[in-house]
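In order, the protein sequences belong to chains V and C.
Sequential numbering from 61 applies to the first sequence in my numbering.
Sequential numbering from 61 applies to the second sequence in my numbering.
It is worth saying that the hints were derived from the structure and are not from the lab.
Wrong hints could be hidden among the right ones.
Copies of the same chain look alike in the list, so a pair counts if it works inside one copy or between any two.
Pairs of lysine to aspartate or glutamate residues, derived as EDC-like cross-links and limited to a Cα-Cα distance of at most 20 Å, are as follows [claimed, not checked]:
| hint | residue 1 | residue 2 |
| --- | --- | --- |
| 1 | K129 | E187 |
| 2 | K191 | E317 |
| 3 | K146 | E157 |
| 4 | K221 | D238 |
| 5 | K139 | E261 |
| 6 | K221 | D184 |
| 7 | K81 | D184 |
| 8 | K129 | D236 |
| 9 | K146 | D267 |
| 10 | K81 | D244 |
| 11 | K305 | E316 |
| 12 | K221 | E131 |
| 13 | K146 | E131 |
| 14 | K79 | E121 |
| 15 | K139 | E158 |
| 16 | K81 | E121 |
| 17 | K221 | D244 |
| 18 | K246 | E121 |
The primary structure of each chain is shown beneath.
There are 2 protein chains.
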Amino acid sequence: MRGKSLTVLKLGGSVITVKDKTLTPNNSAIRRLAKEIANSGCSPLIIVHGGGSFGHPIAAEYRITEGFKDENQMVGFSKTHNAMVKLNMLIVEALLEEGLPAFSMAPSSLLVTRSGRIQHIYRDPLEQAFKLGFMPVLYGDVVFDYNMGFTVLSGDQILSKLATELGAERIIVGVDVDGLYTADPKINPEAQLITCLTPNELVNLIDKIGGSKSVDVTGSMMGKIRELIVPAMNGVNILIVNALKPNYIYSALRGEEVIGTRIIRG
Amino acid sequence: MRGKSLTVLKLGGSVITVKDKTLTPNNSAIRRLAKEIANSGCSPLIIVHGGGSFGHPIAAEYRITEGFKDENQMVGFSKTHNAMVKLNMLIVEALLEEGLPAFSMAPSSLLVTRSGRIQHIYRDPLEQAFKLGFMPVLYGDVVFDYNMGFTVLSGDQILSKLATELGAERIIVGVDVDGLYTADPKINPEAQLITCLTPNELVNLIDKIGGSKSVDVTGSMMGKIRELIVPAMNGVNILIVNALKPNYIYSALRGEEVIGTRIIRG
């Protein structure tokens, strides 16, 4: 594998889809991001994207995260996957239009989880794709699980696992906010962006949060930063950046100055 | 795995797409076949479908079967896969509409070939899918290859490999003709359907054909029956049947009398 030169880029579901509108892509963001990725010239690159309004509503309706409970969930499991595949096709096609050698890879065919954690990734297709210079594009997916039957696997966990296993140089997490804040910037005018953290500070931050409201790290952002601990501890440089703002992802991929939260070994 | 009770069903690309019309599904055939599969009650079942007018034109344009020669092919490799995924989504959705627990699985993520032959299948997701009672739906795909970089993998080879590895009871091959003939029925009025063959007779038939026109086994049908030798020799019962004729696939799945070519150990 390309080892230290590899970048793994996450495109958040809230960036590439329209929140609260089921199965609605954010086409202008998708086209813009494809151009930014192409213009950056960043290679080798793996892209992992989230589900947003494609994956989550169907997965929730059929309670897929709870695992296999009854046969009525099976159609929902398959429909959630199909919705993610359709979103993935839009991303891959936008990248292909920019001349990038993007290639869709299906997490539910590449790996199996145990109690919701990735147990094993079938790396051969990924390694062959890299050797030829392809840009694999994966996504949060429904997956088979040795204990639960099946479950939902977040793009964040895939990102973290791939970056760690493949010894990536850096992870760039594109979200719909500027990064981690000391408080919720929407309700607290004193909230400040945390521009830099060491891996140890990240762990302390997560420990400290508990039920407190002192740091704006709840819900999906909490899940995201939890997944970042292992790659951060393994020396992968991490940057959380606002992918809704034009050219932020471009600058991040170029390694240029950009507003965001860095998690870097001190 | 379910072993001896497993059926592996091939739906030919010429059945589920409109020949000579690029990217055109045969929607009425797809809907009818989904109903026939549902009505048959056949389980466990794996479905593998071909590419027809979805996969072949793009794969040919970019010379994917020749392997990786230059970077210009990469976009074509990805586009061929995307076209197959779109056809696969139509098949899976038609099956889901009939209430069947169909689930799409991506050959390019599940396996790698060596010089065009399947080297290894990552069986864990397939095995987990079976345990839960899913109906995996695979397809002819572009795949990564250890020697050639990449190539095209026929649905027929996937069918044969899965049936052999999983110890299937039977293979049903749905095509656009009634089976194997002693001559081309379109030009030779004396042509007769071969209703039954042993595995050894199948091998002799293939050996005999060479350049002769005595048996209507050319092009894709030749590729198909070549792939059937290994499972036939391993005791898998094979039936080649016309999937364009209503209820032929239904009867075949039910194990009822139907016109076709059987390959069965004597």
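Practice task
Indicate which option fits the pair K129, D236 if close means a Cα-Cα distance not exceeding 20 Å: within, between, both or neither.
Solution key: Neither. Shortest intra-copy (34 Å) and inter-copy (40 Å) distances fail the 20 Å Cα cut-off.
Handout entry: 20 Å Cα threshold - placement of E316 relative to K305
Key = within (15 Å within a copy, 62 Å between copies)
Practice task
Using 20 Å as the alpha carbon limit, work out where K221 and D184 are close: within a copy, between copies, both or neither.
Solution key: Classified as both: same-chain Cα gap 15 Å, cross-chain 18 Å, threshold 20 Å.
Practice task
Give the relationship of K191 and E317 under a CA distance limit of 20 Å: within one copy only, between copies only, both, or neither.
Solution key: Neither way: K191 and E317 sit 30 Å apart in one copy and 51 Å across, limit 20 Å.
Problem - Status of E187 relative to K129 across identical chains (alpha carbons, at most 20 Å) - result: between (35 Å within a copy, 18 Å between copies)
Exercise for the section: With 20 Å as the alpha-carbon cut-off, assign the pair K146 and E131 to within, between, both or neither. Expected result: Neither: 24 Å inside a copy, 26 Å across copies.
Exercise for the section: Evaluate K81 and D184 at a C-alpha cut-off of 20 Å and name the case that applies: within, between, both or neither. Expected result: neither (37 Å within a copy, 35 Å between copies)
Exercise for the section: Classify it for me, K139 with E158: is the Cα-Cα distance of at most 20 Å met within a copy, between copies, both or neither? Expected result: between (29 Å within a copy, 13 Å between copies)
Problem - 20 Å Cα threshold - placement of D238 relative to K221 - result: neither (24 Å within a copy, 50 Å between copies)
Practice task
Please work out whether the CA atoms of K246 and E121 approach to 20 Å or closer within one copy, between two copies, in both situations, or in neither?
Solution key: neither (29 Å within a copy, 53 Å between copies)
Problem - Intra- versus inter-copy proximity for D244 and K221 (alpha-carbon distance at most 20 Å) - result: Neither: 29 Å inside a copy, 55 Å across copies.
Problem - Copy assignment of K139 with E261, given that the CA separation must stay at most 20 Å - result: neither (40 Å within a copy, 44 Å between copies)
Checked against the numbered hints given earlier, this structure breaks hints 2, 4, 5, 7, 8, 9, 10, 12, 13, 17 and 18; the rest are met.
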